[in-house]
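Line order of the protein sequences matches chains H and P.
Just so we're aligned, residue 3 is where the first sequence starts under the working numbering, counting upward by one.
Just so we're aligned, residue 841 is where the second sequence starts under the working numbering, counting upward by one.
Read the hints as simulated data drawn from the structure, not as lab findings.
Keep in mind that a hint or two might mislead.
[Claimed, not checked] Pulled a few chain P residues facing chain H out of the computed Cβ check, cut under 8 Å: (1) Cys938; (2) Gly942; (3) Ser949; (4) Gly956; (5) Val961; (6) Gly963; (7) Ala974; (8) Asp975; (9) Gly996; (10) Glu1000; (11) Ala1001; (12) Asn1003; (13) Val1006; (14) Ala1162.
Quick caveat, the model's predicted, so the values are computed rather than measured.
Backbone N, C-alpha and C fix where the C-beta goes; we use that ideal spot for every residue, glycine too.
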Amino acid sequence: MSPKTATITYREGVREGLRRALLNDPKVFLMGEDVGRYGGCYAVSKGLLEEFGEDRIRDTPLCESGFTGAGIGSALGGMRPIVEIMTCNFSLLALDQIVNNAATLRHMSGGQCPVPLVIRMATGGGRQLAAQHSHSFEGWFAHIPGLKILAPATVEDARGMLEPALADPDPVLIFENALLYNREESVTRDYHTVQCLRAVVRRPGQNVSLITYGGSLFKTLEAAAELSGEGIEAEVIDLRVLRPLDTETVLESVRKTRRVVVVDEGWRSGSLSAEIITRICEQCLYDLDAPPTRVCSEEVPFPYAAELEQQCLPQPDKIANAVRRICHGQT
Amino acid sequence: MNTPSPPPDTDTCLGLLRDMLLIRRFEEKCAELYGAQKIRGFLHLYNGEEAVAVGVLRALRSDDAFFGTYREHGHALIKGLSVRSVMAEMFGRATGCCKGRGGSMHLFSAEHRFYGGSAIVGGALPMAVGMGLADRMQGLDRITACFFGDGAVAEGEFHEAMNLAVLWKTPVLFICENNLYGMGTALNRAQSQTDLSAKAGSYKMEAWTEDGMDILSMMETARQAVDFVRTRKMPLFVECRTYRFRAHSMFDPELYRTRDEVEKWKKRDPIAGLTSTLRDQNRITDQDRQRIEEEIAREIQDGVDFAEQSSCEPFQDMCTDACTMEGIA
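Just chain P, same shape as in the assembly:
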C-alpha cells in the first residue's frame, strides 16, 4: 500500500458522518414506506454497510463509473443522485431516476456514470471489465468501481471477470461487500475458500482486505485503492468485511443467523463508531449531530413529498420505448 494520508480534518469527518446518516435514514424511511405500502416489490436495505459505499464513492472522481447491486440506494445517493429522484423511483414515478421502470433494485444515472443496480448476482462484473476496457482503449484515465456481495464470488461470472480483468489490464476496482451471507447462506457454507482475497489473488489480481465497519480506515484504503487502479491501470480487488443489520429483504424471517450475532455486529455500527471517535476528540457536539439529523430529515421528507406528488409514466410511452428504430434503416 501507499503512504497513508494524514488523519482527515473535522469537516471531512462530518461529511462522512452525514453521508452515512443520509443512507441510514433513507433506508429507515424506505422500510417505513414499505410498511405503508408506498414502496413495493423487493427492498434490500444497506443498514450497517454504509462505510463501504461512502468510503469508496467519496474516493472516486465524478467522471469515474460504477456498477452496483440491488442493495444500492446508498451508493446512488453518495454518487450524487438526489433524494428526490431516488425516492420517486422507489415510488415508481415518472420523476424517478429511471422513470419508475427500475425501482429499488435498478437505479441508474448516466449523468453520474452510475450504470445500474443489477439484480443478477455477479452479472455486472463482466460489464465493469468492459467499461474498464473501453477506458483503456480510449486512453482515458477514469476508472470503474464494481460493487458486489460475497454471494457473487460463487458465480461463474466472477471467475470469468477476474481472469479477463487481469489478462486485459483493465482499470477496475472490484469492491466485495462481504456481509457474510448470500441471502441466507453463510459464506462458509457456500465457499471452499472463504478467504476471498486469496481467491481473487489466484488470478494474479492485487487483492486487499479491509474492515468495512470503520469508515476512517475504509476511506483511507479506498483512496489508496483508487490511486492504485488509476496510476497502475490495473484491476484491484478489495474485500470489505461488513454486516447488514437488517434482513436480506422485507420477506426474510432471518432463520439463518442469531440475534446475538446481529447484536454483536451492531456494536461495530460505523455511524456510532465515527460519532464516538469524534466526540472523544471533541470534534463534534450534540448540536452538530442534531443539525445534521435535521438537515437529512428535511431532505428525505422533501423527497417523499416529491414522490407522492409525482405521477406515473404514461403506459404508452413506456411500451413504445423497448427499441429505438433509428440508425438501422
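Chain H with its partners taken away, still in its complex shape:
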C-alpha cells in the first residue's frame, strides 16, 4: 500500500468528514438522537463529543420534528447545523419540517431566507430490522423541489461530500446506506472534498448501462463482473446525486450502450427508477435496442426473516438476469 493511501471504513470516512467540517467552521454543529454520549447509533460520531464538546455534538430528545425544525431555525440564524436522523423511517416524523419548511422557505420568501442545513440519515435494508427500520425513502425526498439529495456509495464520497453539502445555501439530505458503514476502501490519506454535482462512471463498458446509487452500487458491480465473464461489458453509473439528477451522464452512457437497467433499492411504483427510465424514454427512446428495465425492491413492507428479506432486495443475480434478458432475450 502506498504511504499516501489508507484503508478505512465508510463509517470512518463519514466521521472524518464530520471532524473536518467541525474543525474548519465554528458555526458547524451536529445534533441528533444519541450522537454524543452514545457515540451515534452506528458509531459514526464516536469520539466527537470528547473533541468538540456538548454544544457542538448535541444529543437531542426523541423528537425528529422538533430537532429538525430547530436545525432549520439555527440555519436561518447563522449556524451550519448537521442534523442526524437515526434512520430514514424516522425522518417521516420530520417530514413537515423538511418538506413544508426546509424545502420551501428560500423560494417562498422570494429568495430571502435560504436554509443551509444538512440532514444525514441511514437508509436501506438487509439487516433484519423489519418493516420500520429498513426502507429506502431517498427516492421520495428526491421528488421535492428545494432539496438536494446525495447518496454517497464509496468511502471517498462518504468522507468528501459533507463539506460541499455544508457550503450549499440550500438544504442537502445525505443518505448513508447502513450496510456500507463497515465497508472498507483504500482512500488517500490526505482529506479532500469531492464534487457533488455529477454522476460517475464506476466501471466503463459498451454493452449495457447499469444505473444505480448507494448500497446497490456494489451489488451492481458484482453483477457486472459476473456478466463480463459471459462477454457482456456493463457500464456502471453511480448517480451519487439523486436531486438534481445528472441526466446528461446517464443519457451519454445509454446512447452508447443502447441498453439500460436501473437498480434502485426503493419500491418500484413511483420510484426514482421510474423517473430515470422516463427521462431516458423521453430523450433517447430511439437509441435503445431493448426496452429499459429495472431491478427494485419487492413491494412489501420488509420482513424480518433473513432469507425472505434478502429476496426482497435487489441482488447481483437479479441484476445479472435483468441484463441477460435485455441482451439476449433470456433469463
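Based on these hints, arrange chain P on the given structure of chain H.
Same frame as chain H, but now just chain P:
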C-alpha cells in the same frame, strides 16, 4: 414580574393607536379587495387581535427575530415592512415582499428578521427554538418571538418545541394568541387542559397570561417579557387572551359561534378601548384621531395603487429559483 414602568406618554399612546388602526384599516381594505377579486387564495384577518401584535412587536429590538402565523399581515407592518410591499404581495406582484410567491399567508422579510408567515399550524415553533439556539451558540443577545394560536397547542410540535426550548435554554418568547377557536373548534373541545399557561408551565417553562384586548397592559407585559427572555436567556410563554372579530377566513360561515358572543367581545375592541381611555384623560382630540385615520388611509391607498401598477414576476425567473447550484460543485 418586574417593576412596572410609568404609564406611557401621550406620543407613545398615539403611536400605539396608530399601529392598531393601521392593521385594522389594512385588514378592512384586504377584505374589500378580496370581494373585488384583487386578492385571492386564503385570507385571514386580524381584526380584534391588534393589541397582541402591536404590544409584542413594539417591545422587540430591530435585530430581534420573529416567526408568525398565516394571520400575520399586521405583524409584518408593525415590524417595519411597508404597506406597499405587503399589499403588492397580497396582489401576487413581483414588488411584493416575497415577489408574489408567498401571498397573504407567507410574508417574509429577512431585512426585518421576520422569518415568515407559516401556514402549517405549530410548524414554526421548532424553528423559533433553533433561531434561539443559534443566538445562544453565537453569544448574541438578540431574542426570537414566535406567534401561534391556541390551535397550535394541540400539535405535537408544540410539545417538542416547549421541551427543547427549556432544555436548551433558548431565548425565545412564545406568544400564544388565544382567540378561543382553532378555526371553528373551540378550545374546550380541543384541549383537555384549557389553561394554556399551566400546560406550558408543565415543561418548567415560565408562563404568563395576559389580556390581549388591552393594549396598555399588553405593552407593559410585552416589555417585561422581552426583558425576561433577553436577560435570563430563557424561554417564556405568554398566553394572550384575545378574539377575532371576523370569520376565520373568507370562506367561513361562522356556524360555531353566536353573534352575541362576537358582539360581547367587540365591546372590548382594543382600538375603541385605547381611544376612550385617551379621551377620558383628554389626551386625544377628535382631530387627532381624524388626522391619524387620514394618514393611514393615504398610506393604504398608496399601497393599493402601487400593487395595482406592479407586474407579476416573470414565470421563468420563478421556475429557475427552486435550488441554487453554487457551493455544491
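message: Which constraints among the numbered hints does this structure fail? Numbers only, ascending.
response: 5 and 13
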